[in-house]
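As given, the protein sequences belong to chains D and R, one line each in that order. Take 1 as the starting number for the first sequence in my numbering and just add one per residue. Take 1 as the starting number for the second sequence in my numbering and just add one per residue.
Hints in this document: simulated from the structure, not taken from any laboratory. There could be a bad hint or two in this list.
If chains are identical, the list can't say which one is meant, so a pair holds when it fits in one copy or spans any two.
[Unchecked claim] DSS-like cross-link-like pairs, simulated, lysine-lysine; straight-line CA separation at most 27 Å:
1. Lys391 <-> Lys212
2. Lys212 <-> Lys130
3. Lys410 <-> Lys264
4. Lys154 <-> Lys185
5. Lys391 <-> Lys295
6. Lys165 <-> Lys225
7. Lys213 <-> Lys381
8. Lys363 <-> Lys295
9. Lys27 <-> Lys154
10. Lys2 <-> Lys51
2 protein chains.
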Amino acid sequence: MKAEILAVGTELLLGDIVNTNAQYISKQLAQMGIDVYYQTVVGDNAQRLEKTIFNAFDRAELIITSGGLGPTEDDLTKETGAKYFGKKLVLDQKAMDMLESFFSRINRKMTENNAKQAYVPEGALVMYNKNGTAPGIIMEENGKTLINLPGPPKELIPMFEEYVKPYLAKKQENIFHSRVLRVAKIGESEAEDMVKDIISAQTNPTIATYVKKFEVIFRITAKAKNENEANKIIEPMVQEIYKRFGNNIYAEGETTIQKVTCKKLMDKNLTVAVAESCTGGMLASAFTDIAGISKIFMEGDVTYSNDAKIRRLGVKEETLQKHGAVSSETAAEMAQGIAEAAGTDIGISTTGIAGPDGGTAEKPVGTVFIGLYFKGKVKTKEIHLVGNREKIRQRTVDTTFDWLRREIDKNE
Amino acid sequence: MKAEILAVGTELLLGDIVNTNAQYISKQLAQMGIDVYYQTVVGDNAQRLEKTIFNAFDRAELIITSGGLGPTEDDLTKETGAKYFGKKLVLDQKAMDMLESFFSRINRKMTENNAKQAYVPEGALVMYNKNGTAPGIIMEENGKTLINLPGPPKELIPMFEEYVKPYLAKKQENIFHSRVLRVAKIGESEAEDMVKDIISAQTNPTIATYVKKFEVIFRITAKAKNENEANKIIEPMVQEIYKRFGNNIYAEGETTIQKVTCKKLMDKNLTVAVAESCTGGMLASAFTDIAGISKIFMEGDVTYSNDAKIRRLGVKEETLQKHGAVSSETAAEMAQGIAEAAGTDIGISTTGIAGPDGGTAEKPVGTVFIGLYFKGKVKTKEIHLVGNREKIRQRTVDTTFDWLRREIDKNE
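Go ahead and model the full structure; you've got the sequences and the hints to work with.
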């Protein structure tokens with residue numbers, strides 16, 4: 001099946017918003033094995049919209065539109081689709097009831113314009129909108145299918161999931177199903193080298209590599225009659241990748257190293273305090289992003305000045321003088337100092353040169369020391385990062401969470 | 001002049017990337033008064049690409065493409081454009097020299113494929129690429145203009161600025177020029193109400209309102225022969241808006257409240273320390289984002305537990321018991337405590353309920369107290385925010401920077 005995606009809205013042509021709907025729909029269709037040959041954006045203009053829909057149906061069997069379902073006179077997507085199929089608009093009582101209850105809920109009077117949204121092309125499948133006022137529409141005739149979705153992503157995405165996905169899945173003989181493995185701390189080219197033979201031999205399942213922040217993601221996708229069959233096809237390749245990457249694989253599916261590590265800490269009830277220099281609060285903020293973390297996260301100190309390192313963490317003046325604030329020795333004393341002050345199982349420290357200034361020949365920008373105190377023992381790690389200030393700080397945080405994850409696994 | 005934007009790349013049709021180039025180019029053209037009627041995305045397919053370009057030139061005088069200028073056989077944008085204009089590709093020596101020096105700089109051998117990038121349509125204007133290997137192309141004949149830009153935004157944007165903008169500006173009788181005013185701490189509908197009369201009377205200049213995070217942005221745009229003329233047309237409306245919004249306007253142009261406030265602190269050499277509860281390190285992190293901040297930012301404490309508030313900041317146990325950790329009294333003691341401990345001019349504290357749990361009838365989720373110690377005096381502010389945990393934390397940080405900005409202006 002060939003598909004086209006059509007976004008309707010002058011605000012897209014003015015560059016006021018970016019067309020994330022086209023990306024979302026394209027990705028969904030790719031996963032279902034439906035080819036997308038064109039994405040088009042057209043303004044709220046009746047003539048151009050009509051031309052575009054008629055033109056697209058000359059090339060494709062499926063058109064998915066977003067936008068232009070609103071209550072104003074400019075909103076013409078539904079009307080134009082009805083015209084293509086030669087249908088008139090009729091009242092849908094359930095849509096009208098939902099509209100009325102929506103307006104009574106927000107304590108506003110429904111205008112005549114709004115009522116327009118409850119009219120749908122005769123014989124169409126109506127997709128009721130739980131997150132807004134515009135219902136979506138599916139029309140199908142003579143091998144042509146037109147799907148109209150509302151423009152706001154928070155309405156479009158749930159509607160796609162609830163109605164469009166199962167509707168299209170029924171048309172497809174095969175589905176595409178994926179498993180995603182997240183690999184920490186291995187560079188892109190190294191990771192690709194380690195699966196080169198798998199990549200060159202791939203047929204079904206296929207393997208795709210993505211690089212995202214500090215991690216490499218493998219998406220293994222199988223084409224099969226159903227999810228169960230697909231999982232059977234995927235399993236041996238997943239096993240092989242686990243064999244090669246071992247505990248560098250930190251999770252499967254949609255998650256982050258921060259979430260995975262915090263969950264481990266909370267599950268094991270390990271208390272934590274952090275002392276930050278170069279990350280300047282980002283590490284504490286990453287912990288406190290997580291709801292419920294107050295159970296185990298006790299305290300964070302952003303000790304930017306040497307004075308604060310001495311006073312707050314008990315770092316020795318001698319250590320700072322002899323080895324410098326950016327050193328393995330200082331990182332160790334910071335980690336131990338914060339854990340002892342806060343009385344926690346774990347103390348973590350960061351000290352480094354995030355740039356753009358402050359680098360030296362011996363310790364260039366990107367040099368970072370991480371300290372980890374874990375139930376009485378202190379370790380440190382020296383890393384060398386590239387990129388701007390923001391990237392160096394962010395990578396330090398990610399690396400810290402990953403190291404902590406590995407140490408928890410070792411210690412428990 | 002009517003324009004169309006054409007993005008070339010299968011990765012867009014697969015939904016692997018979002019088409020930010022179309023947004024960028026659309027916005028630029030809108031500012032220059034050039035109408036965009038269509039945006040199209042097409043894959044790396046010779047036939048469909050050719051059809052799309054020929055079709056677009058039936059409707060428009062200007063086509064701007066992005067992508068498909070790479071070294072592989074799939075990259076056909078330049079070749080297809082040359083075909084439309086009936087030109088052959090010829091070697092551009094400067095482009096070749098730049099390619100060679102690029103490859104010698106990265107210590108890699110240039111392949112024959114790469115050399116393809118130095119061939120350009122005869123008679124075309126070549127846009128040399130300082131940020132990548134593919135030069136851009138401008139072809140113009142018989143009232144039709146085709147502009148080919150490389151796909152990566154970090155190459156496309158500088159090339160647009162350097163070559164395309166001045167090229168198109170020459171064609172336009174009038175230019176559009178804007179000034180941007182950033183208003184803190186006023187809600188969208190309130191801000192729009194305050195300029196309703198201006199909005200309904202607008203002709204030239206026009207005024208547009210955008211809401212972004214905690215702020216409202218006014219863009220005042222004039223159509224004129226040149227920038228100087230435009231500024232003269234804009235000035236009276238800008239004056240009027242300053243009169244109405246006063247010091248709620250915190251800056252003009254592209255910046256953030258965080259940058260503006262940190263610059264004030266650095267300029268006046270005011271030292272700062274922060275004590276955070278609900279923002280959990282985000283405030284310290286926002287300060288330490290700024291390069292050079294170590295001159296004035298001394299220390300941050302993330303005191304999540306009551307114990308840490310007492311031990312680190314000298315908050316009285318009695319205060320915590322009587323008023324709770326989320327209270328004006330605790331905020332005041334935290335702010336004073338951190339300033340005294342760190343010996344800074346300014347101490348800032350946050351304590352609140354970021355959710356999703358922890359709210360009560362008296363102090364619902366979103367209740368936040370900010371404390372500000374400024375050279376011996378302590379003030380607090382109670383705010384009530386809506387949204388999820390992330391939004392409440394972020395708004396607290398923005399509000400804190402805005403309050404601090406106002407207090408610095410008052411005190412100095």
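Each hint, compared with the structure:
1. Lys391 <-> Lys212: both (12 Å within a copy, 24 Å between copies)
2. Lys212 <-> Lys130: Classified as between; 26 Å across copies, 33 Å inside a copy.
3. Lys410 <-> Lys264: within (12 Å within a copy, 48 Å between copies)
4. Lys154 <-> Lys185: Between copies, since 26 Å is at most 27 Å while 33 Å is not.
5. Lys391 <-> Lys295: between (29 Å within a copy, 21 Å between copies)
6. Lys165 <-> Lys225: Close inside one copy (15 Å), not across copies (52 Å); limit 27 Å.
7. Lys213 <-> Lys381: For Lys213 and Lys381, the Cα distance is within 27 Å only inside one copy (20 Å; across copies 38 Å).
8. Lys363 <-> Lys295: Between copies only: 20 Å across, 37 Å inside.
9. Lys27 <-> Lys154: both (17 Å within a copy, 24 Å between copies)
10. Lys2 <-> Lys51: both (19 Å within a copy, 17 Å between copies)
Consistency with the previously given hints is maintained throughout, with no hint failing.
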